[in-house]
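Listed here are the chains, written in short residue letters.
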Amino acid sequence: MTMGFSPDGSFLRDAGKKTVILQGFAVVLTCILVLLFTDLARRYRLLEDGIRENALWSVFQLDREARTLSFQLKDIVRDVEPGPKKIKDLSLRYDILYSRINMLKDSRFDETFEHDPAVREALLEVRDKIIGYASLFDRIQSGYKPTDADLLGLNDQVETLVRDTGDFLISANNHFSTARADNRDMIIRLEGTTALFLSLLLASVVFLVVNLRRQLKVVREAGRNFELMAEELSDAYKAADAGNRAKSQFMATMSHEIRTPLNAILGTAELLELSDLPADAASLVRTIHSSGEALLEIINEILDYSKIENGKLELELRSVNLKALSKSTLEIVRGRAEEHGNRIVLDVPEELMVPYVRTDPTRLRQVLLNLLSNAVKFTRNGTVTLRLREFVRDDVLIVRFEVQDTGIGIDEAGIAKLFQPFTQVDASISRKYGGTGLGLTICKQIIDKLEGELGVRSELGAGSTFWLEIPTKIAEVISDQPPAARSPNELANLPSGHVLLVEDNAVNQQVATRFLERLGQKITIANNGVEAVEIARRERFDIILMDMQMPEMDGIQATRRIRAEVPDVAPIIAMTANASDDDRRRCIEAGMVGFESKPITLKRLRHVLETHLKPGDLPAAVEEIAAATPAPVEEADGFSEARRNELIEALGEDVFNELVETFFEDAGQIMESLQHALGGEDAILIDRLLHTLKGAAINVGLNDVADLAHSMRDSKPTIAGVEILNDRINAHRRLLVA
Amino acid sequence: MKLIAGAALLCAALIAAPASALDKPAGEPVLTVTGAVSQTNDGGNAVFDMSMLEALPGRSAKMETPWTTGAAEFSGPFLREVLKAAGARGAHLKVKALNDYAADVPAEDAELDTILATKLDGKPMSVRDKGPLMLVYPFDQDKGLYNEKYFGRSVWQIKEIEVLP
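As given, the protein sequences belong to chains A and B, one line each in that order. Under full-length UniProt numbering, think of the first position of the first sequence as 1, with each following residue one higher. Under full-length UniProt numbering, think of the first position of the second sequence as 1, with each following residue one higher.
Quick caveat, the hints were computed from the structure, so don't treat them as lab data. You may find that some hints are simply not true.
Said to hold, decoys possible - No farther apart than 30 Å at their CA atoms in a straight line, the calculated lysine-lysine pairs in the DSSO-like style are these:
#	chain 1	residue 1	chain 2	residue 2
1	A	K129	B	K159
2	A	K86	B	K143
3	A	K129	A	K74
4	A	K716	A	K247
5	A	K74	B	K123
6	A	K86	A	K145
7	B	K96	A	K88
8	A	K88	B	K24
9	A	K85	B	K96
10	B	K159	B	K143
11	B	K123	A	K86
12	A	K88	B	K123
13	B	K24	A	K86
14	B	K143	B	K123
15	A	K88	B	K94
16	A	K129	B	K96
17	B	K94	A	K86
18	A	K145	B	K159
19	A	K74	A	K307
20	A	K85	B	K123
21	B	K159	B	K24
22	B	K143	B	K96
23	B	K119	A	K86
24	A	K129	B	K119
25	B	K24	A	K85
26	A	K88	B	K159
27	A	K473	A	K323
28	A	K88	B	K119
29	A	K145	B	K123
30	B	K96	B	K123
31	A	K85	B	K94
32	B	K123	A	K129
33	A	K238	A	K449
34	A	K74	B	K24
35	A	K85	B	K159
The whole structure should be built from the sequences, with the hints applied where relevant.
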């Protein structure tokens with residue numbers, strides 16, 4: 001889908017500009033309006049000016065007092081003999097008139113006339129005249145009796161004064177009327193201007209609102225488009241992710257599929273090696289074996305990688321002795337190093353600051369092993385050094401490992417490609433040295449998960465140094481001891497011990513018993529958890545092999561009880577057809593020291609015994625055993641020929657046939673119980689039955705039955721599902737017991 | 001409301017005052033308080049000469065007025081003291097001038113520090129100079145008084161105050 005963003009975008013920008021302009025316009029208009037209103041208000045005040053009103057009033061008063069004086073004067077002049085009271089009143093009138101002129105002269109009223117020369121002149125004239133009478137009235141007040149001539153003269157003067165004050169009043173009134181009219185005109189003009197600006201402001205506000213609304217609309221649309229786009233992106237991401245997952249799933253499935261026949265090849269080769277073969281044939285078998293192992297390693301890497309890519313890498317932090325871990329890891333590559341004429345050096349400080357740290361030993365060993373394998377692989381007649389250092393950075397204990405070789409080295413371009421999946425430094429490498437190119441990617445992912453750093457320093461022809469630094473914590477419990485270094489090819493010198501086998505299923509019991517006998521062990525069988533606890537309490541064992549799911553008491557619970565009740569107990573190793581990380585964790589939590597997936601092979605069993613049986617009864621070490629969990633072996637007809645061969649080799653054909661018969665008897669009973677349980681909807685019982693069936697089937701090599709039983713455990717089993725299972729068992733029975 | 005309160009206060013003050021008759025003015029009478037007055041010395045009126053007025057409590061204050069250039073110092077007895085001396089009892093005052101100008105002044109205005117100014121800048125006020133008496137509101141104390149309403153009530157050349165109920 002194409003999004004109409006560019007027109008929207010440009011519109012938004014334009015609208016934004018318009019908004020800014022309109023806002024500016026509105027601000028300017030508002031400022032102008034404020035100024036106009038201020039002016040208008042000032043003019044209104046002026047129009048209403050009380051002082052000016054008062055001034056006019058004062059002029060009027062002046063005129064009035066002048067007329068009163070004139071009136072009284074005329075009254076006196078008409079009188080033949082005016083009394084002293086009349087003269088005194090006249091004098092008072094004059095004083096009042098004088099006070100009026102003083103008022104106009106002294107007070108701020110004066111200011112009002114300043115700007116009109118005509119008014120001002122009239123005022124001055126009137127004032128001069130009034131002050132002119134002062135000398136006569138002063139004399140009158142000090143007792144002088146005015147003569148008729150005085151009074152007549154005064155009368156004439158006052159008459160002109162009255163005319164003048166009348167004129168003054170008129171001109172003052174005209175002055176104020178004009179001023180008022182001017183002011184009013186100005187106000188009307190201002191009001192007009194204000195109205196104009198107000199309408200402009202209104203218009204710009206309207207524009208602004210319209211513009212904002214349009215903008216809002218566009219923004220809303222853009223938001224919707226963004227939502228759509230996000231949805232599409234999310235869908236695309238999901239699709240891509242699904243594709244990637246499908247790819248990983250495909251890789252995992254393919255690897256499984258390849259591992260099945262490969263396991264058969266390896267098992268057969270192993271068995272062949274055990275038999276007496278002519279020297280040349282034995283050498284050929286060894287080749288088959290070692291090639292097969294190499295192939296298995298590659299497939300395991302791919303599986304690991306797909307696991308990591310699916311985010312399923314889980315860490316299991318435990319107390320780890322780094323020195324021991326370094327030693328044992330180095331021992332594993334010693335053989336191969338020697339084949340290449342390499343010297344192996346372990347450079348570890350005499351005393352570590354912190355001998356035990358918390359980390360995931362399995363994953364750490366995997367990384368170290370990978371780096372060491374690479375070093376050994378790319379070095380001929382040189383030295384491979386494993387170096388361990390520890391230091392504190394920002395209050396965190398950092399462990400640094402270095403794997404240094406004197407091999408072919410890597411150039412800068414090569415280093416850049418080094419940690420990418422499926423990449424090797426160049427194509428010739430894989431031709432010459434083999435490998436998937438996944439190893440370092442996996443290492444990097446693991447170290448990332450451990451919150452550490454992985455790096456390399458190298459020079460073409462001068463060897464490489466791969467280093468890793470991981471932050472760790474000091475472990476509280478010191479329970480990890482290094483397993484004694486052992487060559488996996490070493491067949492002899494397996495110490496003999498007393499093994500307690502806890503297993504409820506007859507077939508599994510038989511298989512394990514035969515294997516253990518073959519490995520020269522003394523065996524005691526416990527049929528369930530309760531029995532196991534009882535026997536463990538009574539007798540002393542060197543090792544306990546514990547099935548996980550059993551009636552009465554399961555393996556986890558039995559382990560807890562045994563560890564709680566028996567002092568100095570033998571190491572307990574889980575044996576189960578369940579192989580999830582979660583199961584593994586539960587086992588370790590319960591106090592088990594190892595974990596074996598079913599089917600148990602002779603080789604794995606021997607490895608378990610080698611690890612945990614020690615001459616001189618040394619306390620057993622915590623050791624991760626199931627480094628490579630064998631996948632359920634599958635073949636086209638659902639029956640593992642390799643397993644059959646292995647069993648026949650270990651137990652003999654007769655015993656194998658017996659075993660198969662026992663299985664079918666068991667299976668018959670289990671299926672019956674299952675059908676019963678299905679009716680009663682007893683989910684726990686159903687699960688246990690299916691688990692037992694799975695364990696037994698896997699042990700005799702009926703992998704399809706095991707898988708089917710396992711898959712039925714995940715979902716609620718149906719009658720139809722049980723039928724199919726039954727059919728499958730019967731099909732095998734017809735084929736095998738005929 | 002304010003008016004009634006003012007009147008009530010005034011009444012209270014008057015009731016509390018001793019009922020001694022006002023002395024006859026010795027000098028020339030300058031102010032006659034007529035109407036509802038109880039302390040009389042001339043028929044039904046209370047007449048004051050300048051010395052009687054100046055004997056009453058009052059104040060002297062510098063302030064700006066529309067009738068003077070710059071700040072001028074007015075001094076004289078408080079209006080309320082004059083009314084008290086006359087035993088006035090009413091809600092309205094009609095203040096009359098020599099030229100028959102008159103202004104209605106609510107009795108509550110006497111509650112302010114309003115004075116009947118007898119002197120301007122320390123000198124007696126002649127008729128020519130707004131004398132002999134002028135009603136001066138405390139413009140220095142309250143700027144809110146500086147408007148036409150109080151300018152109109154600021155009567156000068158006062159000769160008579162009529163006390164109305």
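Do the hints match the structure? See the list:
1. About 27 Å separates the Cα atoms of K129(A) and K159(B), which keeps this hinted pair within 30 Å; it holds.
2. Between the alpha carbons of K86(A) and K143(B) the distance comes to roughly 43 Å, so the proposed pair goes past 30 Å and is violated.
3. Between the alpha carbons of K129(A) and K74(A) the distance comes to roughly 18 Å, so the proposed pair stays at or under 30 Å and holds.
4. Only pairs whose Cα atoms come within 30 Å are accepted, and K716(A) paired with K247(A) is accepted, the gap being roughly 29 Å.
5. Restraint check: the Cα-Cα separation between K74(A) and K123(B) comes to about 34 Å, which exceeds 30 Å; the hinted pair is violated.
6. Restraint check: the Cα-Cα separation between K86(A) and K145(A) comes to about 12 Å, which is no more than 30 Å; the hinted pair holds.
7. Pair hint K96(B) plus K88(A) holds up; C-alpha atoms about 20 Å apart against a cutoff of 30 Å.
8. Straight-line distance between C-alpha atoms of K88(A) and K24(B) comes to about 23 Å, which keeps the hinted pair within the 30 Å bound.
9. A distance of roughly 21 Å separates the Cα atoms of K85(A) and K96(B); the hinted pair therefore holds under the 30 Å criterion.
10. Pair hint K159(B) plus K143(B) holds up; C-alpha atoms about 28 Å apart against a cutoff of 30 Å.
11. In summary, the hint linking K123(B) to K86(A) is supported, as the alpha carbons are separated by about 28 Å, within the 30 Å threshold.
12. With a C-alpha separation of about 23 Å, the suggested pairing of K88(A) with K123(B) holds against the 30 Å cut-off.
13. Distance check on the hinted pair: K24(B) and K86(A) sit about 26 Å apart at the alpha-carbon level, within 30 Å; holds.
14. Taking the CA atoms of K143(B) and K123(B), the gap is near 26 Å; set against the 30 Å cutoff, the hint holds.
15. A threshold of 30 Å between alpha carbons decides the hint, and for K88(A) with K94(B) the separation of about 26 Å falls inside it, so the pair holds.
16. Between K129(A) and K96(B) the alpha-carbon distance is near 28 Å, which keeps this suggested pair within the 30 Å criterion.
17. Straight-line distance between C-alpha atoms of K94(B) and K86(A) comes to about 27 Å, which keeps the hinted pair within the 30 Å bound.
18. Simply put, K145(A) and K159(B) have alpha-carbon atoms about 26 Å apart, close enough for the 30 Å limit, and the pair holds.
19. Of the pairs offered as hints, the one joining K74(A) and K307(A) is violated, with about 132 Å between alpha carbons and a cut-off of 30 Å exceeded.
20. In summary, the hint linking K85(A) to K123(B) is supported, as the alpha carbons are separated by about 27 Å, within the 30 Å threshold.
21. This hinted pair checks out: K159(B) and K24(B) have alpha carbons roughly 17 Å apart, not beyond 30 Å.
22. Annotation: proposed proximity of K143(B) to K96(B) holds, straight-line Cα distance about 25 Å (limit 30 Å).
23. The suggested pairing of K119(B) with K86(A) holds, with an alpha-carbon distance near 28 Å, which does not exceed 30 Å.
24. Straight-line distance between C-alpha atoms of K129(A) and K119(B) comes to about 28 Å, which keeps the hinted pair within the 30 Å bound.
25. This hinted pair checks out: K24(B) and K85(A) have alpha carbons roughly 23 Å apart, not beyond 30 Å.
26. For a cut-off of 30 Å, the pair hint linking K88(A) to K159(B) stands: about 16 Å separates their Cα positions.
27. Straight-line distance between C-alpha atoms of K473(A) and K323(A) comes to about 16 Å, which keeps the hinted pair within the 30 Å bound.
28. Among the hinted pairs, K88(A) with K119(B) is consistent with the structure: their alpha-carbon atoms are about 23 Å apart, no more than 30 Å.
29. Between K145(A) and K123(B), the direct Cα distance comes to roughly 28 Å. Compliance with the 30 Å bound is thereby established for this hinted pair.
30. Of the supplied pair hints, the one linking K96(B) and K123(B) holds, its CA atoms being roughly 23 Å apart against a limit of 30 Å.
31. A hinted pair counts as satisfied when its Cα atoms are at most 30 Å apart, and K85(A) with K94(B) qualifies at roughly 26 Å.
32. At most 30 Å may separate the alpha-carbon atoms for a hinted pair to count; K123(B) and K129(A) meet this at roughly 26 Å.
33. For the suggested pair K238(A) and K449(A), the alpha carbons sit about 24 Å apart, so the restraint of at most 30 Å is met.
34. Our distance criterion of 30 Å between C-alpha atoms is broken by K74(A) and K24(B), whose separation comes to about 37 Å.
35. For the hint linking K85(A) to K159(B), the alpha-carbon distance of about 17 Å falls within 30 Å, and the restraint holds.
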